[in-house]
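Residues per chain are reported as follows:
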Amino acid sequence: MVLIPLAFVPPGREVRVAQFAAGLDPLQREQLAAYGLAESRAVTVLQQSPMTVIQSEHVEIALEHAVARQIWVERS
Amino acid sequence: MSAILLLGHPNVGKSVLFHRLTGTYVTVSNYPGTTVEVARAAASFDRARQLLDTPGILTLPARSDDERATVRALLGEEAAVLLQVGDAKNLRRTLTLAALLAELGVPMVLALNMSDEATERGVSLNAAQLAKDLDVPVVETVATAGKGIGALTHALAHARVPAALLRYDAHAEASVCALAERIAAVAPHPRLAARGLAILFLGRDPEVEAWLAERAGSAFRELVHLRGPENAAALARERAQAAEMLARSVTTQAPRRSPLLSQRIGQLVVHRLWGLPVLAAVLYAVYEFVGVFGAGTLVALFEEGLFQGLINPAVTQAVESTITVQWLADLLVGPYGLWTMGMTYALALILPIVGTFFVAFGILEDSGYFARLSVLANRLLATMGLNGRAVLPMVLGLGCVTMATLTTRILYSRRERLISTFLMALAIPCSAQLGVVLGMLGSVSLAATLIWLTSMLSVLVVAGFLAARLVPGRRIALVTELPPLRLPVLGNVLKKTGARLRWYLMEVIPIFLLGTFLMFLLDKAGILPWLIGAGEPLVAGWLGLPKEASAAFVMGFLRRDFGATGLFALGSRLSPLQTVVGMVTITLFVPCIASIMMIAREQGTRVAALMLALIVPTAFLVGGALNAVLRLAWS
Numbered sequence: 053m054v055l056i057p058l059a060f061v062p063p064g065r066e067v068r069v070a071q072f073a074a075g076l077d078p079l080q081r082e083q084l085a086a087y088g089l090a091e092s093r094a095v096t097v098l099q100q101s102p103m104t105v106i107q108s109e110h111v112e113i114a115l116e117h118a119v120a121r122q123i124w125v126e127r128s
Numbered sequence: 211m212s213a214i215l216l217l218g219h220p221n222v223g224k225s226v227l228f229h230r231l232t233g234t235y236v237t238v239s240n241y242p243g244t245t246v247e248v249a250r251a252a253a254s255f256d257r258a259r260q261l262l263d264t265p266g267i268l269t270l271p272a273r274s275d276d277e278r279a280t281v282r283a284l285l286g287e288e289a290a291v292l293l294q295v296g297d298a299k300n301l302r303r304t305l306t307l308a309a310l311l312a313e314l315g316v317p318m319v320l321a322l323n324m325s326d327e328a329t330e331r332g333v334s335l336n337a338a339q340l341a342k343d344l345d346v347p348v349v350e351t352v353a354t355a356g357k358g359i360g361a362l363t364h365a366l367a368h369a370r371v372p373a374a375l376l377r378y379d380a381h382a383e384a385s386v387c388a389l390a391e392r393i394a395a396v397a398p399h400p401r402l403a404a405r406g407l408a409i410l411f412l413g414r415d416p417e418v419e420a421w422l423a424e425r426a427g428s429a430f431r432e433l434v435h436l437r438g439p440e441n442a443a444a445l446a447r448e449r450a451q452a453a454e455m456l457a458r459s460v461t462t463q464a465p466r467r468s469p470l471l472s473q474r475i476g477q478l479v480v481h482r483l484w485g486l487p488v489l490a491a492v493l494y495a496v497y498e499f500v501g502v503f504g505a506g507t508l509v510a511l512f513e514e515g516l517f518q519g520l521i522n523p524a525v526t527q528a529v530e531s532t533i534t535v536q537w538l539a540d541l542l543v544g545p546y547g548l549w550t551m552g553m554t555y556a557l558a559l560i561l562p563i564v565g566t567f568f569v570a571f572g573i574l575e576d577s578g579y580f581a582r583l584s585v586l587a588n589r590l591l592a593t594m595g596l597n598g599r600a601v602l603p604m605v606l607g608l609g610c611v612t613m614a615t616l617t618t619r620i621l622y623s624r625r626e627r628l629i630s631t632f633l634m635a636l637a638i639p640c641s642a643q644l645g646v647v648l649g650m651l652g653s654v655s656l657a658a659t660l661i662w663l664t665s666m667l668s669v670l671v672v673a674g675f676l677a678a679r680l681v682p683g684r685r686i687a688l689v690t691e692l693p694p695l696r697l698p699v700l701g702n703v704l705k706k707t708g709a710r711l712r713w714y715l716m717e718v719i720p721i722f723l724l725g726t727f728l729m730f731l732l733d734k735a736g737i738l739p740w741l742i743g744a745g746e747p748l749v750a751g752w753l754g755l756p757k758e759a760s761a762a763f764v765m766g767f768l769r770r771d772f773g774a775t776g777l778f779a780l781g782s783r784l785s786p787l788q789t790v791v792g793m794v795t796i797t798l799f800v801p802c803i804a805s806i807m808m809i810a811r812e813q814g815t816r817v818a819a820l821m822l823a824l825i826v827p828t829a830f831l832v833g834g835a836l837n838a839v840l841r842l843a844w845s
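Sequence order for the protein chains is A and B. Per the working numbering, residue 53 is the first one in the first sequence, and the count goes up by one each step. Per the working numbering, residue 211 is the first one in the second sequence, and the count goes up by one each step.
Read the hints as simulated data drawn from the structure, not as lab findings. For every residue, glycine included, the Cβ atom is placed at its ideal position computed from N, Cα and C. Treat the hints with care, since some could be wrong.
Covered stretches of chain A, as calculated for chain B (at least 3 residues, CB under 8 Å) [stated by the list, open to error]:
1) 81-88
2) 95-108
3) 112-120
Next up, chain B with everything else stripped away, as it sits in the complex:
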C-alpha cells in the first residue's frame, strides 16, 4: 500500500489540506500544535492510496512528544511519498526543513500553502524555478479555499527524490558519511536513506536513536562512538544558511507597504491596554451566543416545544399501549426512562448548547485568536508554573477535557503536562458542562455568572500556584509564533462543527443511556433514596442544596455535564444562591469517566487516582465555603 505522509511546520494547514485530499475531518482541531497523533484516511482521488496527517514539527530532530510521533511515523509507516506542506510567505523556514527531509531519499512533493497571504504581503515566488532547483514538484495552494488541490493531486503522481540542498562543512560531512556507511551496514532502513538517519542521529533525535539501538543491537555502541560530541546546532545552522540562499534566489519581496488591516488587528488583540477589553468583548459575544441563544432560546424550543410538547407524549403513549410489563415501560418512559431522561437530556438540553459552543469555538479557532491569547495569558499561567503555550490545551479543555488531556503532549516538559492535566481535571469545565452551567446561571443573573467565574479562576490560580511549588522541576519561558489573524471560512467552521458533534454524540449518547439505566436500577432497587439520604448531610447541610441534588452528584460521576444537567432539572426549586453553589461544586467535581481514563493512559493509574483523591474533597470544600460566605453576604 503506497501511503502519502503529510509533513510540515505547525499551523501551515496540513490538516485542512488532509481534509481537502481525503474528505475526512480530523476532529481534534486546527490551531498550532493540535494534531498530536497521526491521522489516516483514504485519498479521495484514489481510494487505494492512504494519506497520513502528522503533528507539526517545529524542530527536527524532534524535541517534544508530538514531534516524536511524526518521526515515528517516518520510521514506521510504509510511506511511498512525502508531501511537505510549507508556508508560502516564509520560504526560508520551509526550505530549512526540506533540506533535512531531502536527505531521507524518499520521493517528495512540496505544497506551498497560504499563497494568498504571501501575495498580500508582497512576496512573489518563482515556483517553477524552485521545482527545478529541488528537482521535485512544487505546487502553490490555498487549502482553506480549495485552491491548487487539483494541481497538487496531479503532482503527487509525479513525486521525485529531491536533490540535496547542501553539503555540510568538511568536518561534519565526514562524520555524516562515516555514520551513514555504518548505519547502512548494521541497521539499514527499508525506505529511508542511511544518510538521512545519520543526520538525525547526529542531531540527537530520540526516536531515531531508539530505532537504531533496537536494529543495530551490539553495533549501536559503535554508532554512538562514531557520533562523538558532534554539535547538533551547527548542522541545523548550516541547513538554515543553505535554505536562506535558495529562498532568496527564488523569491522577490515588494517594497514595504503600510501594515495590513489583519496585522493591525493582530497587534491590537495582544496590546497591553487594548488586549483585555478585546478579550472581554470576545467572551461576552460567546456568552450571548452560547449562554443566551443556545442554552436559552434553542433549549426552550427543543425541550419545551419539541420534546415535552410533541415527541415525549407521543412516545409515552406508544410505549404504554404496546408494552404491558410495567417495569419495562418505566425503563423506557418513566421518570428515569431511557427515552424520557437519557435521550431527552442528550438531544434537547445538551445538543443545542454544545452545537452553538462548537460553532463559536470553531470561529475563534480558525481566526487564529487562540494563539494570541497565549501572550495575554502568559503572566497568569506563569504563576502556575506554566507558560502561555498551555493556553492551547486549556482552551481546548473548554471544548472537551478528554481531548485536551491528550493535547498536553505539545508541552515541552513532564512537569508542564502534569500541572496542566491536573488543573483541567479540576477547574476547566468542558463545553457540555459549560453550556449547562452558563445556561443555568444566565437565567439567574449576570452577578451569579460572575461569582461562578471568579470562584473558578480563584481555584485555578490557587491550585496552580500550589502545584507549581509542589511539583519538582523548573518553568520554561515562552517563545512562540503568532500566526496571522484570518477571516474564518463559514463552510469550514460548519464542517468542523458537524464532525465534532458527530464524535460528541457518539460518545455522549451511550454514556447518557448507561447513566440513565444505572439511575433506573438505583431507583428500582431502592438505593437512590438511600443515597440521597446518605448524601444529605454533605449536600443539604454543608452545601445548603435540596437533598435531591445528591442524585445529580451521583450522575456527575459518569459525566460532569450529566451532573450539571441533573441540577438543571431541579430548575426553579433552586434559589439563586443554591444555583451558584451547586454549579461551582459540580464544575470542580470529578471529571467524566472518559477523561479519567485518558489521564490514566497519559499519566499512569497512580497519578490519576491521586488526582481524583485531591479533586473530590476540594470540590466540596470550596462549595461549602462559598455557601457559608454567600449566606453571610446575602443576610
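Pulled out of the complex, with its shape left as it was, chain A reads as follows:
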C-alpha cells in the first residue's frame, strides 16, 4: 500500500492514518493522540489552506503543514 503525507491529500478525500513519522515532535504526537488521532483511524480532509483541517469522527482538528507532512496516510 502506498503511503502519502496527510498534507498532500486533496480536500474531501477520506484516508486512514498509517503511521507517524519519526521526525514528529513528541509533544505534538501526544497532542494528536489526545485529540484522538491514532494509527488506523479514518479521517476526512476538509481543507489544506491556510492550514490542514481534518475531521475525525466528530472532532475537527487543524494542523500546520509542517505537522501534516509528518503523518503518513493511506487510502481507506
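Dock chain B against chain A, hints included.
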C-alpha cells in the same frame, strides 16, 4: 468539607456546568483553555459542599502550566468526589481520560455534556449501559440550556469508585504494580490510590513527580530507579484502545447525512478565500455596535444627557451649599473633582463602551468563533514566533490585558508566553481603551480608524518579528481542535457581561478615584502646570499635540483608558491628525498598573521592568514618526 472537583477536556462546558451548579460565574471566560486557575464556590443544592472548577486537561499526565494546576488540585484539594465532564459526541476521548481518573480510587460521576450536539450528529449512546460498565452514575446534560442539572445533582449524592477500564500489558502492569507498592509504603496519599499515582509518575507528570519527591524524601531515588525508561506513550495508547472498545460498545452512529448548517458555516469561516471577508464583516459589526452605538449614541445619552445635564449640576449645587471649605468642595466637584471627573469618567464614558464591548465579546466567544480565528491568524502569528493558539490570549487582551497575561499559561513554552505577554503590553488595547479610541476615531473618520489600525498592526508585526529573533528557543507548530460553531444563548451572554462589568467596575472605580485624587494634588500643588510644561517639547514638539495633552499621558500611567479618556476630554480641540497621533501613542504607551503587576507576578520583576523600558520609548518614537509622516502627507 467534602468538595466536588470538576475535571475534563478543554471546552466541554465545565465552567458553564460550574455556573449551573453554584450560581457563580467564573469571569475569566469560556472558550477553550481560558480557565487557567482553580475556581471555587459553594454548591447551590447544598451550601455545605464546595465545587471546584479546574482548567481543561488535553493530556494527562500534564504538559502545560494550566494542566499542571489541575493535577495540583487533584493532589492538594480535599476532593471527595470527581465530576468528570465529557463531550457526549466524542465518547472515546472522554473515556480515555476516565480510564486514568478511574485509577485514582476516588468516587466519581460522569456528565456527558453537549448531548444535544451528539443527537444532531446522529450519535446515540446507552448511558445506562455505560453506567453499569463503569460502575459510576452517568448523566447526559446540556449545560448551556440547563438540561440534566437536576439528575446530575441527584447523581452526585451517589458517586462511586469506578471500576478499572483496563489492565495494561504484562510488562507495563508489572511496573505499575511494583511502583504502586513502593509509593503506598514510602509516600501514601491521603485520598488518591497509589496505583493512580504510579501511572501518572510513569507518564512523567511533573506535579506528581514533585509531590512524590517531597513526600518520599530519600526513597524518591528508589522510585525513579523503579520507573526506569518506561515508555509513557505506550500507556496512553493502551488507555485509548480500551476507551475505544468501551465507547463502541455503548454508542451507535446513524448513517452519515449531509453536513449540518453549523458545520458548513464553520468551514466557511476558516476557508482560505471566504475566511477573511467573514472576519472583516465580524469586525465591522463589532465596530458599529461598540464604536458607533456604544461610544457614540450611549455615551452622548449618558454623558451629555444624564450627567452634564441632570446629575452633575445637582451634585455640584448640593456640595457647594453644604461644604464651605473651598478645597474640599473642589476635591469633590472641581475640575479634577472625585465626582465631576472620576465618577463621571467611569460611569458616563467608560461604562457604556465597556458594556457594549463585553456583550459583543460574549456573543463571539460563545459562538466558538475565536477558536477558528486561530486558523486564520496562524500564519501572521508565525512571523512573531508564535502560533495560532496565541490568538486566544491576544483576543482576550482586547477585553483585559491583565486577565490575558494570566491566560498566556495555556501556551506551551516559556518563549511563547514571554513574546505574547510583551506584545499585549505594547500593542493590544484593552476594551476600555479600545472603546475610547474607537469612539474618538469614529467621530473623526473611517480613514482615521484605518490609519490607527494599520499603525497598531505594523507595530505588532515588527515588534513580534524582532522578538521572535531575539528571544532564544524554537517555535512550536500549531495543532488544535476546532469546536463546533454554536448559536449563543442570550441569557448566558448577558449573565457573563454582568459578571465582567461587576468585576470591571470594582477594579476601575477605585483606580479612577485614586487617579483623580492624584491629579487634584498635582494641580493644587502647582505640579501639573509644571509637568505640562516639562512634557511640552515631547508632547507638543515631537508629537504635535496641544500641550495640555501631557496631563493625559500622566494619567495614562495609572490606566491606559484613563489616558485615552484624558485625550477624549480635549475633544474638539484636537485636529483629526492630532487625534490619530494621540491615539496611536496612548495605545502603545504603558499598560495599566494592574497589568504591570500581573506581568511582574508571571514573568518576574526584572522582565516587567525591561518591558516598560522598551515600551515607553517605542510609543513616543512611533507616535512622533507618524506625526511627521502624516504632516507630510496632509500638506
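Structure-based check of all given hints:
Note: the stretch 81-88 of chain A has 8 residues with beta-carbon separation from chain B under 8 Å; the three-residue rule is met and the coverage holds. Counting residues of the stretch 95-108 of chain A whose beta carbon lies closer than 8 Å to any beta carbon of chain B gives 6, which meets the minimum of three for the stated coverage. For the stretch 112-120 of chain A, the assignment as covered by chain B holds, since 7 residues bring a beta-carbon within under 8 Å of that chain's beta-carbons and 3 suffice.
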